[in-house]
Amino acid sequence: MISGLTLGERQTAVCLSLALLVLGVIFAGAGQGDPLGVHGFIIAAYAVVVMGAVITGYYAPAPGADRLTQYYDDPTKFGIIVAMLWAIFGMFVGDWVAWLLAYPDMTFDAAWASFGRLRPVHTTGVIFGFGGNALIATSYHVVQRTSRARLPDQLSPWVVLIGYNLFCLLAVSGYLIGITQSKEYAEPEWYADILLVIVWVTYFLLYIRTLARRQEPHIYVANWYYMAFILVVAVLHIVNNLAVPVSLTEAKSYSLFAGVQDAMTQWWYGHNAVAFFLTAGFLGMMYYYLPKRAGRPIYSYRMSIVGFWGITFFYMWAGSHHLHYTALPLWVQNLGMTFSVMLLVPSWIAAGNALMTLNGAWTRVRDDATLRFMAMAAVFYGLSTFEGSFMAIRPVNSLSHYTDWTIGHVHAGTLGWVSMIVFGTFYSLVPWMWKVERMYSRKLVEWHFWLAMAGTLIYVFAMWNSGIIQGLMWRTYNDGGTLAYSFVDSLVAMHPYYIARAVGGFLFFLGPVIGLYNILMTIRLSRETAGTGIAEMPVVALKAGE
Amino acid sequence: MFTRTHYKLERHTIGFAVAIIVVSAIGGLFEIAPLFTIDETVETAPDMRLYTPLELAGRNIYIREGCYACHSQMIRTLRDEVERYGPYSLAVESKYDHPMLWGSKRTGPDLARIGGKYSDAWQVAHLYNPRDVVPQSVMPAYRWLARNKLRTEDLGRHLIAQRRVGVPYTDDMIAHAEQDAKAQVDPDSDNAEGVSERYGEATHVRAFDGNPRDVTEMDALVAYLQILGRLTDAAYQNKDKGE
Ligand code: HEM
Ligand code: HEM
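Protein chains in written order, with this note's numbering: chain A, 1 to 546; chain B, 1001 to 1243.
This list has only true hints and no planted wrong ones.
Distance condition first, Cα-Cα at most 20 Å in a straight line; then the derived EDC-like pairs of lysine to aspartate or glutamate:
(1) Lys1105(B) x Glu387(A)
(2) Lys1105(B) x Glu184(A)
(3) Lys435(A) x Asp74(A)
(4) Lys1239(B) x Asp1047(B)
No lab work stands behind these hints, which were simulated from the structure alone.
When you get a sec, could you build the whole thing from the sequences and use the hints?
In structure tokens, the structure reads:
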């Protein structure tokens, strides 16, 4: 990976990691006695590892001038592996917390191992670690291919990836030692947030500089989605994380907003993190890899446009459906409900566009587990958006809110849609990147697919059951007009479903383990054949405006 | 027509980026900005008290341990919730909550009105090991809270930061933050009087974990739990029972 960098770039890389090291040491010193100090050490150690990697490769021969005539794929390769590692880590923790809800004594009297600290480790690990790295890695690939242009420079893609993973590491390690803002999906504290802003600005500049170099007159639809993902996440992140630190040597900060305004800001953020992180980015992925794998052009240009702008506009109004029947003014709740229902239209247009693209390629869907991953992803995307719009209706939400039904909806979206589209994409992308004909083992891909299907279905059905039972028990009255069940009664009723979910989750977790093995073996295969397989599939099917 | 316009827009990177920003900004602006300006959004409650430094520290432990992942602090305007948990939550009750802890999942019961529901001893025993008190519970045991001494020397800085974001702590409160935290668990000390003077007569001044000499994290967290729903009477005056 270092061998792709010129000597000057290697020097800059060493300087940057040195700067990071200094920053870490300053934090470690100034933050003594505060958890911030621990993070200082982690930053410093991370900088040393990065610097070590650069120095180890420092004397490798410099790349030839012809590098500039080729696409730059090293960062994508790195991102794929890292995303898979985060998937394994994040899903392992997810399954662990699932077991904790069935057997709560597995905390061993250690603060870091308790449910409240591990749960955000799971969500951050899978959403930002797994999802985020997958998005960054694929966006580099997609923007270069659809623009027929190389990334404008070689260092900034690495700055983005290395910086982003440092952010994830700070986030996850922070929860374990008690650093959190408590805002869901925005838990990291102020300094990690600042780091992410720097990373994100670099990422955005890199992206539009590549687009500016494009040889194609039009920007392909996948890039619209990636751009929306980058831009809107930046705005959401900055606004929701506005806070005043206790001091510059302490990790703790206090949110600028309070009470009802804070709640609305948080769920404007939270829902649109779903929209622009877990949806828009992955739609970008789908719009490139699904037609490519199927060997067919996107079904409808018009549907692409309507879907895209509908999603971009409607989603931002929908956040208040997380606050039905709360102290949030009713007019905002009603707006949120209305727009959430309307949101179904562009969502289904996007899903439909993908499924129609597969028309005529159904035999391939049957035979090719990779394409099947992507087809199932589109189906689950349709399902979870339908479910979401339904749950956003106030009377429905009065039952589903606070219960496991929400958890079921979340995982229909994240297992069925997000994870499946990523796995399908990776199984297509890995052979292209490492220049081999196909994955090491098709059988393992097939196994992965069925584990993922079984895991998702068990998970989602268990949570639908438990969620609805829970919701009903909380509101059931006796003939005498008093509440029929105590809270603990409902808790006891959940136990079998929590076990079922944990089993389903374990099956799902096995998938990325097998997947990483398959990917690593494919890479080994490519070393043996020295990359003589087919290099790249043709781009023809993908022109905008078809 | 519309596809043709779009066909042109697709050729301009910056134009496209600006269009995304504009289209996506509308919803948030329309829904969030008015919440800061419309007066009816938050009711007035003249009797609203502030968290004492000890309670604030307890709140920070509640955040640190992720209690919010299993407990909501938002009773909805639904009849069954009002009957189970008490009067539904009003916006004013969390007006000094930076950040709010309304929560999104009830693995455990709502805690918006837990203050005063149980004795300090029950809370301590429950946090020490929930299954000693409620055998079916799936809540983690928080034994370390009883072992850990509370960090008090930085509480003044916490109050300053709170003031910066809009909570009306006075200079007097800030100057005495550490002293007040220690005095709140030691009712017989000379400084105990000062806590009630600064934060109101209704403030609980007692040894929450049973030991007045050391301020533990358990003291802080229990002090916080016992104040939940008790900072103002506004919600109890509201007779509406919900839908
Ligand atoms: C092995 C697979 C997985 C298992 C076993 C698992 C398990 C869990 C568990 C037990 C919870 C806590 C539920 C609760 O508090 O009651 C949770 C929450 C969550 N998980 Fe997963 N998970 C898995 C995969 C994923 C993936 C791949 C993603 C995202 C890409 C994800 C995103 C989330 C989110 C966003 C939440 C929070 C939901 C909320 O607050 O409403 N999970 N998961
Ligand atoms: C039309 C699209 C969608 C709508 C209208 C929608 C609506 C909703 C609603 C009403 C809730 C429950 C809020 C509550 O009661 O607390 C929810 C929660 C959630 N949804 Fe969706 N949803 C949609 C699509 C998706 C997709 C595709 C995903 C994932 C990839 C997703 C992920 C989540 C997550 C993570 C939560 C939990 C938030 C939390 O409480 O922590 N949603 N959604």
